[in-house]
Amino acid sequence: MRVVIVTESFPPDVNGVAHCALQTARHLVDRGHLPLVVAPATAPGTRADALEAPCPVVRVPSLPLPGYPQVRVALPSRRLGAALTGHHADVVHLASPFVLGVRGMAAAARLGIPAVAVYQTDLAGYARTYMGAGEAAAWRRIRSVHAAADRTLAPSSAALHDLQAHGVPRVRLWRRGVDTARFRPDHRDAALRRELAPDGELIVGYVGRLAPEKHVELLAGVAGLPGVRLVVVGDGPSRAPLTDALPGAVFLGRRTGDELARIFASLDLFVHTGPFETFCQTVQEAMASGVPVVAPAAGGPLDLVDHGRTGLLVPPHDAAAVTGAVTALAADPDLRAAYGAAGRARVRERTWAAVGDQLIAHYEDVLAARRTAVAA
1 MRVVIVTESF
11 PPDVNGVAHC
21 ALQTARHLVD
31 RGHLPLVVAP
41 ATAPGTRADA
51 LEAPCPVVRV
61 PSLPLPGYPQ
71 VRVALPSRRL
81 GAALTGHHAD
91 VVHLASPFVL
101 GVRGMAAAAR
111 LGIPAVAVYQ
121 TDLAGYARTY
131 MGAGEAAAWR
141 RIRSVHAAAD
151 RTLAPSSAAL
161 HDLQAHGVPR
171 VRLWRRGVDT
181 ARFRPDHRDA
191 ALRRELAPDG
201 ELIVGYVGRL
211 APEKHVELLA
221 GVAGLPGVRL
231 VVVGDGPSRA
241 PLTDALPGAV
251 FLGRRTGDEL
261 ARIFASLDLF
271 VHTGPFETFC
281 QTVQEAMASG
291 VPVVAPAAGG
301 PLDLVDHGRT
311 GLLVPPHDAA
321 AVTGAVTALA
331 ADPDLRAAYG
341 AAGRARVRER
351 TWAAVGDQLI
361 AHYEDVLAAR
371 RTAVAA
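Just so we're aligned, residue 1 is where the sequence shown starts under my numbering, counting upward by one.
No wet-lab data here; the hints were simulated from the structure. Please read all numbers here as calculations on a predicted model, not as lab measurements. It is possible that some hints are incorrect.
Pair ranges (Cβ atoms, derived) [to be verified]:
no.	residue 1	residue 2	range
1	T256	A191	18 to 24 Å
2	E217	G308	25 to 31 Å
3	E349	T372	20 to 26 Å
4	R31	R254	38 to 44 Å
5	L34	D334	46 to 52 Å
6	L65	A297	27 to 33 Å
7	D332	G45	47 to 53 Å
8	E217	G112	46 to 52 Å
9	G112	E135	31 to 37 Å
Glycine included, C-beta positions come from ideal geometry on N, C-alpha and C.
Take these sequences, add in the hints, and give me the full structure.
What follows is the structure, given as structure tokens:
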């Protein structure tokens, strides 16, 4: 099968869309398929070629998003249509379509190529965060883009319900995988723990973008708990104000790969604060690392966290609830150990290979439906 993956982001970018697109390309190659990636060009001076991509990557000219330069927005380019034509694509995979993906959808329709759209970003939630309004307009754009696809894949039950409730047709559930070989409890590092918490404090970690929609400032109460060391991993436009809002926290910046896995496994507790997660991969990576989780009872974490068994769910935007949950777990090491073990068991079989095969089955269903429609 010849697949063109049109993605709004791709490594060396570090985010959920980029990571999922990379894992998808790797799995397609492993299964003997022929993927091609089309993605925005990286910032000048960035070594995009340093990535050992599993397949050819076509870079489309791009500009930084105003106010958020880590995000690149693709410019109109003939490279996209040429890539679809030159690769003789059987199916187009649209990863979180918004700008480049919209053009990919139009090109696929023009060429008569089936398209599978993967919903990954809560644009409506971002509109509320950054503009204070615009949620209805965001949903109109989401509905317009995804209604043109042969199938839309939602990463969680909450996302699937939202899409259906807003009139998006042909939606199916497709969850994300996790690298259970990389993220595992035995990467716990005593030396790293001494470095992060030299007085033996309980280490509570957040991993993710530092941006307004993540509401990391809700961890201010946690940062002030006695005997607790808050560790923040990630970067973004909110880093400077968060260093003021979270005194005493350790900011490690962006970390990836085995280094990130070592940090995850060295935590005593993982806390996520973002209420707009369509999936929340970092929660799943914490669980794979055997670390108990505190997360908002909204979006993707509702599927991932079994409240009272693998972690605790708290009301979104509730700083006191976050602090209370951390306080309760900090006082009970046996409960933390039980939650961590249960979390690891829950995600052990949720590998990228398993979910990658599910994705290929979705492609095959879409191709079969197209053949049936043509025959009719």
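A quick look at each hint next to the structure:
Between T256 and A191 the beta carbons are some 20 Å apart, a value that agrees with the proposed interval 18 to 24 Å. At about 27 Å, the CB distance of E217 to G308 agrees with the hint of 25 to 31 Å. Separation of E349 from T372 is about 33 Å and departs from the stated range, judged on CB atoms against 20 to 26 Å. Distance hint check for R31 and R254: the Cβ-Cβ separation is about 31 Å, which falls outside the suggested range of 38 to 44 Å.
The hinted range of 46 to 52 Å is satisfied by L34 and D334, whose Cβ atoms lie roughly 51 Å apart. Separated by about 30 Å at the C-beta atoms, L65 and A297 satisfy the suggested range of 27 to 33 Å. Checked against the hint of 47 to 53 Å, the pair D332 and G45 passes, with Cβ atoms roughly 48 Å apart. E217 and G112 have their C-beta atoms about 49 Å apart, which keeps the hinted 46 to 52 Å range intact.
For the pair G112 and E135, the beta carbons lie near 34 Å from each other, so the given range of 31 to 37 Å is met.
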